[in-house]
Amino acid sequence: MSVLQPIEPVLGGVVDPDDLVGRRDELRRLERAVAHGGAYLVGDRRMGKTSVLRKARRELEASGHVVLYVSAETDTLRKFEDAVAEAIRAHPVLGPSWRTWRRSFEGEVTLGFLGQSLRLQGAASRGADPERDVFVLCARAAERAGAPSFVLIVDEVAQLAFHLAAQEPGAGAEFLRTLRRLRQAERPRTAIVLAGSVGLHHAVAEKDPLNDLPRIEIGPLPPAEADELAQRLLLAVFGDPHPEVASRIARAVAGIPYYIHSLVGTLDQRGADVASADVDGLVDQSLDENTWDTDHYYDRIAKYYPGEEALVVAVLDELSHREAATRDELAATLRNQFFEDPPGVAAVGEVLNRMRLDNYLTYADGDYRLETALLGRIWTRLRRRRG
Amino acid sequence: MTSAERSRPYTPQREDPAALAARTVGRERLLASLQRSFRSAATKANRNHTLLVGPRGSGKSHVIEVALYALRQDAALASRFAVVRLPEDAMGLVGIERVTALVCADLGVRSPPASLAAQQQAIHVALDGRVLLLVAENLDRVMRALGPGGQRDLRSWVETSGDVLLLASTPLLFAGVQDRDKPWYGAFATIAVPPLTPREGHELLLRLAGQHGDSALAEHLRTPRGRARVRALAELTGGSPRVWTILSGCVTPESLDALVPAVHELLEELVPAYQQLLWDLPPGEQVVVEALSTGRHAALTVSELAAATGIGQPQVSKIVRGLAANRWVVADKLPSGDQRRTWYQLREPLLRHHVAYRAGELGVVTLVASLLREYFEVGRARGPATARAAVRLGTEVGTDDAGAGLLATVTAALDGSAEAHLRVPLELRALVEEPSARAGRGPAAAGGEGPGAA
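As you go down the protein sequences, you meet chains G and F in turn.
If you read the first sequence in our numbering, its first letter stands for residue -5, the second for the next number, and so on.
If you read the second sequence in our numbering, its first letter stands for residue 911, the second for the next number, and so on.
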């Protein structure tokens, strides 16, 4: 039996990949997906996508892959292109190659999303006809270095798409289409891993612009891993893993790592007697005081579902007191609530699908459920408080 | 007091950090937590960004200085960091490029490149494996100055590079870190900087007296009467370390013992700070604050405020909501009764008395100080009987109309009137509440939780 190692609470900041608890299944799926061109990591904010990406990056690099990691959390394409260029220049394998590529150009060389791909921009030296496709160039550099593949990881991809769309209709979709072309072109030994929390359907009209990539959902930790995380945090802060308290913490927040970190941090600040801590009371207080902005799940409904607010609220009401329901069951139940203008099955199904993309629901084996047990608790308390 | 020994309640960063550390009380847990974050960042890739939250005067800057001092004392740990401070109040921070340019300058990056990404890479190279400990006081202002795009770019840099650990402070939590839609949502370990307990306030005064070489004051503070006076004053200061520090610079054993002169001196010392705070308020809010300071009661309803100010009720309602959000006022409702009626009171008692003090009306503050002195006198059992005795003494001494109204309110509250209880000034709530009901809450006055936003 391995000895439990302490982990310092990190609330929302960067977590050392060595301190990432669990996620083995997600990482295995990601590794397999990389071998077939890539994946799209999705999950609600603060679910731990970036931590998984960091761990994946470390493991891929340890396996010899050349990994380029950039964030699309910005609002202009120019800044994103600069970030990619800078990441290439600073990369131990790609950096020297960049200097080689530059020799075929005169003057400044920049990088830009053009037409089908991400390309080097600048005036070619006289007589030169350099390769400009950055993906191709990176893949070649990786191959020369003996790497199994070149992997581009783009975090927060939906953020840039969303902001581009807000600035110019269609710009977000064009950005995503270019990413799609990058991975769909015949480029062996290359992969692209995207991650995002904002539903892409808010940025683009296309139904699912990343549907050619396998989706890897980053959700709550399974109970055993959530318990382990809580124990290791308590060990670091209080010098004892307090297994029973750890289990209560993990259960109270349905295994979501961020909230587990937050609760242990709160107990630390309060200097509380951990063994007798009222964990459930602390969670309820955090929900009622909106410490984690959990009211957001209610407040955003008007913005995300204009004209359909009542339907969405009814679905959440229904699923917060029954474990699961099929689309038809939900439609039948809702018919009784909307006497005058009952929504049709198709309309209900369409809303359910969007609610899934907005991290309200999960869908498996024909059943819809609230995405996490914590959401049920949030919703119940919120409805009691706000009606 | 020599200049070297002078304490600087508004600019602790200009004080000897060893002296700051030596007089730090009530922050042990907080400082230990910060040191753990530093150590975790130095030895691992963890970046637990910390946001200290507390109103002006609660000691956020003091904590930051002491934490950085403690870091410097551990040479091995300190060598793993490069500390860069953003300008206080976000002066000149017109964009994320300005932040990175400042960091470049501090790290000695010559001819920083033009693009943001290249600047960040130059910083990475200059750090040479160290962690950039970026200190951002008034983070709310910094984020406002950066704007939504700048906030996103800052987060992108911090998250992607892993080079940066943020140590920040803010008087109030703000949408930029609280709302799920914002880039920095949930990205900080937010730690409230709590008000000092009366015992901690006493200890701070003792340590300050020691640092100032004021042995007479230190000696008096150690006596039962000295402790009793500090306990009484705690109701007025509300646990603000800054107020205690200012008091230490103007109080004498004699003025502390008499208490009223000490309170007058304190109000005099606070004039510039409170003046600035009030000047920064929009005119409508100034008028309401003035009405709450000079009204017949410390707590007023919206309709009473409307009548007192001549401003329409809807406008007053909007103003007090804003004042409450910025922690200028506290709102109270009767536990059972019309829940539409709310009584508003200035959160910081000394601010209320400041307005009267500036107007030359010293009657109420003198009475309040006298009541507190009597109530917390050595050997008195706290409770209704002592409170009534203190009120009787106040009545016998004689006071003006405002004072008489205050005594009547306290008496009515002691007689069980719930509405009168809400009207009793926060600093006198100790007189009308069962000591057991106040256990663990500290002073009712909330100077340490006063106006947060200018």
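A hint or two may mislead.
As the list claims (entries may be wrong) - Mimicking DMTMM-like on lysine to aspartate or glutamate, the simulated pairs with C-alpha atoms at most 20 angstroms apart in a straight line are: (1) F:LYS1228 with F:GLU1200; (2) F:LYS1092 with G:GLU283; (3) F:LYS1243 with F:GLU1214; (4) G:LYS297 with F:ASP1089; (5) F:LYS954 with G:GLU55.
FYI, nobody ran anything at the bench for these hints, they're computed from the structure.
Remember, predicted model here, so these are calculated numbers, not experimental data.
The hints, checked one at a time:
1. F:LYS1228 with F:GLU1200: This hinted pair holds, its Cα atoms lying about 16 angstroms apart.
2. F:LYS1092 with G:GLU283: holds, 19 angstroms
3. F:LYS1243 with F:GLU1214: Given pair LYS1243 of chain F, GLU1214 of chain F holds - Cα atoms ~15 angstroms apart, limit 20 angstroms.
4. G:LYS297 with F:ASP1089: holds, 15 angstroms
5. F:LYS954 with G:GLU55: holds, 18 angstroms
When each numbered hint is compared with the structure, no violation occurs for any of them.
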